[in-house]
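> In case you want the letters, here they are:
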Amino acid sequence: MDHWINVIPILFITAASVIIILLDDWQKILIGYAVIYLSAFSIFVQFWSFSFSLVKLITGLMSLVILGLSIVRYPGQSNVKTKAERIFRLITLLLIFTVLGFMVYRISVYLSIPLEIVMASLFIIGLGFIQLGITHELYKLFLAILILFFGFELIFASNETSLLINGLLATVTLLVSFMGGFLIINEQEGEEE
Amino acid sequence: MSTPAVFILLPFLVSVVLFFVQKRTRLVMTISIATCTVLVLFAFFQNFGEVWKIGPISIEIRTNLAIMGRAFSLTNQDKFFLAFLYFSSALWFGGTRGAKVSSRFIPIGLAIVSILTAALAVEPFIYSAILVEIAVLVSVPLLVEPGIKAGNGILRFIVYQSLAMPFILFGGWLLGGIQASPSDTTRLLQSIIFLGIGFALWLAIVPFQSWVPRLSFDLKPYISGFLLGLFPIVTMLIMVDFISGLVWLRESAYLQPSLRLVGAIMVVTTGIWAIIEKDLRRFFGYTVLLESGLALLLVSLQSDAGVSVLYLSFIPRMFALALMALSLTILSSENDDLDVESISGMVRKYPFASFTLVFSMLSVAGVPLLGGFPVRLSLLEMLANGGHPVTIWVLLGMGAYLFAVIRIFQKITMPASAKWQRHESNGQVALLLIGVVILIIFGLFPNLLAGLLRPLFVNLPILR
Numbered sequence: 002m003d004h005w006i007n008v009i010p011i012l013f014i015t016a017a018s019v020i021i022i023l024l025d026d027w028q029k030i031l032i033g034y035a036v037i038y039l040s041a042f043s044i045f046v047q048f049w050s051f052s053f054s055l056v057k058l059i060t061g062l063m064s065l066v067i068l069g070l071s072i073v074r075y076p077g078q079s080n081v082k083t084k085a086e087r088i089f090r091l092i093t094l095l096l097i098f099t100v101l102g103f104m105v106y107r108i109s110v111y112l113s114i115p116l117e118i119v120m121a122s123l124f125i126i127g128l129g130f131i132q133l134g135i136t137h138e139l140y141k142l143f144l145a146i147l148i149l150f151f152g153f154e155l156i157f158a159s160n161e162t163s164l165l166i167n168g169l170l171a172t173v174t175l176l177v178s179f180m181g182g183f184l185i186i187n188e189q190e191g192e193e194e
Numbered sequence: 063m064s065t066p067a068v069f070i071l072l073p074f075l076v077s078v079v080l081f082f083v084q085k086r087t088r089l090v091m092t093i094s095i096a097t098c099t100v101l102v103l104f105a106f107f108q109n110f111g112e113v114w115k116i117g118p119i120s121i122e123i124r125t126n127l128a129i130m131g132r133a134f135s136l137t138n139q140d141k142f143f144l145a146f147l148y149f150s151s152a153l154w155f156g157g158t159r160g161a162k163v164s165s166r167f168i169p170i171g172l173a174i175v176s177i178l179t180a181a182l183a184v185e186p187f188i189y190s191a192i193l194v195e196i197a198v199l200v201s202v203p204l205l206v207e208p209g210i211k212a213g214n215g216i217l218r219f220i221v222y223q224s225l226a227m228p229f230i231l232f233g234g235w236l237l238g239g240i241q242a243s244p245s246d247t248t249r250l251l252q253s254i255i256f257l258g259i260g261f262a263l264w265l266a267i268v269p270f271q272s273w274v275p276r277l278s279f280d281l282k283p284y285i286s287g288f289l290l291g292l293f294p295i296v297t298m299l300i301m302v303d304f305i306s307g308l309v310w311l312r313e314s315a316y317l318q319p320s321l322r323l324v325g326a327i328m329v330v331t332t333g334i335w336a337i338i339e340k341d342l343r344r345f346f347g348y349t350v351l352l353e354s355g356l357a358l359l360l361v362s363l364q365s366d367a368g369v370s371v372l373y374l375s376f377i378p379r380m381f382a383l384a385l386m387a388l389s390l391t392i393l394s395s396e397n398d399d400l401d402v403e404s405i406s407g408m409v410r411k412y413p414f415a416s417f418t419l420v421f422s423m424l425s426v427a428g429v430p431l432l433g434g435f436p437v438r439l440s441l442l443e444m445l446a447n448g449g450h451p452v453t454i455w456v457l458l459g460m461g462a463y464l465f466a467v468i469r470i471f472q473k474i475t476m477p478a479s480a481k482w483q484r485h486e487s488n489g490q491v492a493l494l495l496i497g498v499v500i501l502i503i504f505g506l507f508p509n510l511l512a513g514l515l516r517p518l519f520v521n522l523p524i525l526r
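The listed protein sequences derive, respectively, from chains U and A. Under the numbering used here, the first residue of the first sequence is numbered 2, with each subsequent residue one higher. Under the numbering used here, the first residue of the second sequence is numbered 63, with each subsequent residue one higher.
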């Protein structure tokens with residue numbers, strides 16, 4: 002690692018992932034995602050330009066706000082997890098993070114990207130894939146797509162500096178949250194009627 | 063003036079305007095069809111990169127448009143794609159009144175078409191992944207009806223298509239690094255794996271095909287027809303362009319067998335699933351998968367003739383899918399349930415829709431005298447001439463699909479207590495009849511279609 006202090010945001014990302022995967026309350030889950038965005042920002046701002054990093058952060062937080070606004074209008078019944086389910090989820094997450102942890106160094110060398118960025122990115126992608134695989138709730142699915150894209154962008158944007166491409170990626174992030182919000186509201190309005 | 067401005071920005075702006083006046087359905091339909099027709103004529107008759115003369119006025123038609131450091135390019139090589147895309151859009155938009163779809167179908171549909179055009183125009187090609195993802199996301203409002211929960215198929219469609227974007231971008235990025243050191247075979251293999259997974263997700267290739275029948279089950283047939291008619295063709299053309307652009311990939315010993323194997327698996331498995339499928343909407347999804355499998359086999363031939371037949375096959379494919387979707391929409395107006403049992407004897411109530419449905423399915427199966435026959439015959443001939451044992455498997459798959467169609471025909475024409483009474487409107491009958499006649503003309507005079515399109519077949523992608 003270039004700066005050992007970056008262990009702290011990576012620990013924050015891990016802790017937020019555990020919260021996201023275990024809790025049922027949508028507000029706490031959204032806060033968990035916000036923590037991931039902020040922690041990742043604190044890492045990549047050291048390597049990228051401030052304005053570029055800020056764009057990624059603001060886009061991510063805006064997309065969370067958009068989804069949050071859709072959920073807050075129609076807070077649905079979330080599925081309460083059993084104890085066994087929580088243990089299963091935790092073990093799955095830890096197993097995947099452990100496997101990714103062993104891969105980080107080689108990928109970092111292979112792609113010539115700082116270790117801390119690769120680690121944050123892989124953990125975020127891992128979380129996204131777990132969420133995509135196990136969630137049944139609409140808002141969690143769109144949050145999973147968002148975080149998966151964010152994790153990928155951390156690696157991709159290290160080499161792609163084109164304004165158009167990064168602008169389009171930001172558009173994709175916002176569109177995902179808009180469409181997620183649209184589907185949530187559409188579903189809840191139907192249930193109300 | 064540049065071709066990207068004409069074929070991307072203009073229809074996109076029109077779609078934005080139409081979105082705000084979407085309730086005036088007749089006006090929206092007229093404007094959208096007129097826009098598409100003008101663009102088709104422009105693609106057909108204007109040479110890109112030359113001067114366009116209108117009386118005393120001369121306008122230079124450039125083929126490039128630079129936006130924020132990246133280029134969008136539409137050259138004479140893209141003429142077929144442009145003419146086909148906007149022609150088929152006009153076709154789908156023309157059927158909206160007959161199919162009674164949502165008023166936002168045309169504005170959103172036109173926006174999707176313009177974004178997909180941008181996906182094919184952007185350079186380098188890997189950025190098309192972002193534009194296809196934007197098109198997928200823009201299509202979301204079409205997927206759900208107000209107040210109805212999004213089904214599993216819709217969510218799978220969004221997830222699978224979204225997953226394709228990172229895979230293609232990352233694969234393309236790795237590939238970019240190889241240009242500097244072409245001898246790095248490990249990296250080459252990794253980039254191909256990533257790109258292969260990305261294209262498989264886009265094209266619903268085995269094992270990522272499960273979302274297609276689920277999506278067609280969740281959507282109104284006309285909407286699923288539009289989306290499943292458009293996305294696989296555009297992504298297939300992006301893939302063909304990609305293969306054409308890389309000499310080492312074209313010359314790779316693994317490309318042909320892998321494409322052929324995957325194509326054959328898709329044709330055979332789809333045929334078998336079609337036999338056991340009981341719902342006509344899911345059956346429609348399997349039809350799309352069968353078409354994708356056959357298209358992959360045409361790409362696997364890696365010959366000029368194969369590419370020409372691939373491009374030609376898109377036209378009867380689009381007509382057959384449009385007719386199938388329209389017929390299913392009409393049949394579902396009687397009963398939302400499109401189960402094989404529930405359509406029993408439907409021919410007495412909806413004779414035109416029933417026969418058109420069977421006609422379009424037979425065309426996909428490659429029955430003689432219908433539009434799909436010449437392209438299926440050419441494919442089988444080319445496969446057989448190459449001495450490929452896969453020909454037998456393809457025949458088996460197509461035979462299984464034909465068997466499934468005959469089963470539907472038998473059910474739909476089953477004697478029922480109801481009297482013969484037509485329930486289709488005159489407009490619907492006219493649309494169905496025009497479509498069937500065109501399919502028969504394509505089948506009877508295959509050289510007519512090829513001759514008409516010959517001017518557009520300049521500089522087709524080379525796969526050899």
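Since the hints were made in silico from the structure, they are not lab data. Remember, it's a predicted structure, so these values are computed and weren't measured experimentally. For each residue, glycine too, the CB sits at the ideal point set by N, CA and C. A couple of the hints might just be wrong.
Only pairs whose alpha carbons sit at most 27 Å apart, straight line, appear in this in silico DSSO-like list of lysine-lysine [said to hold, decoys possible]:
# : chain 1 : residue 1 : chain 2 : residue 2
1 : A       : 340       : A       : 85
2 : A       : 211       : U       : 141
3 : U       : 141       : U       : 82
4 : U       : 82        : A       : 340
5 : A       : 211       : U       : 29
Residues on chain U that point at chain A, a partial pick, calculated with CB under 8 Å [unchecked claim]:
#  : residue
6  : 97
7  : 99
8  : 142
9  : 164
10 : 170
11 : 171
12 : 177
13 : 186
14 : 190
> All hints, please: hold or fail.
Hint by hint, here is what the structure shows:
1. 340(A) - 85(A): violated (36 Å)
2. 211(A) - 141(U): holds (15 Å)
3. 141(U) - 82(U): The given pair, whose Cα atoms are some 14 Å apart, holds under the 27 Å limit.
4. 82(U) - 340(A): The given pair, whose Cα atoms are some 36 Å apart, is violated under the 27 Å limit.
5. 211(A) - 29(U): holds (25 Å)
6. 97: violated (17 Å)
7. 99: violated (23 Å)
8. 142: Cβ of residue 142(U) sits 6 Å from chain A, so the hint holds.
9. 164: holds (4 Å)
10. 170: This interface hint holds because 6 Å falls under the 8 Å limit.
11. 171: violated (10 Å)
12. 177: holds (6 Å)
13. 186: violated (10 Å)
14. 190: This interface hint holds because 5 Å falls under the 8 Å limit.
Hints 1, 4, 6, 7, 11, 13 from the list above are not met by this structure, while the remaining hints are.
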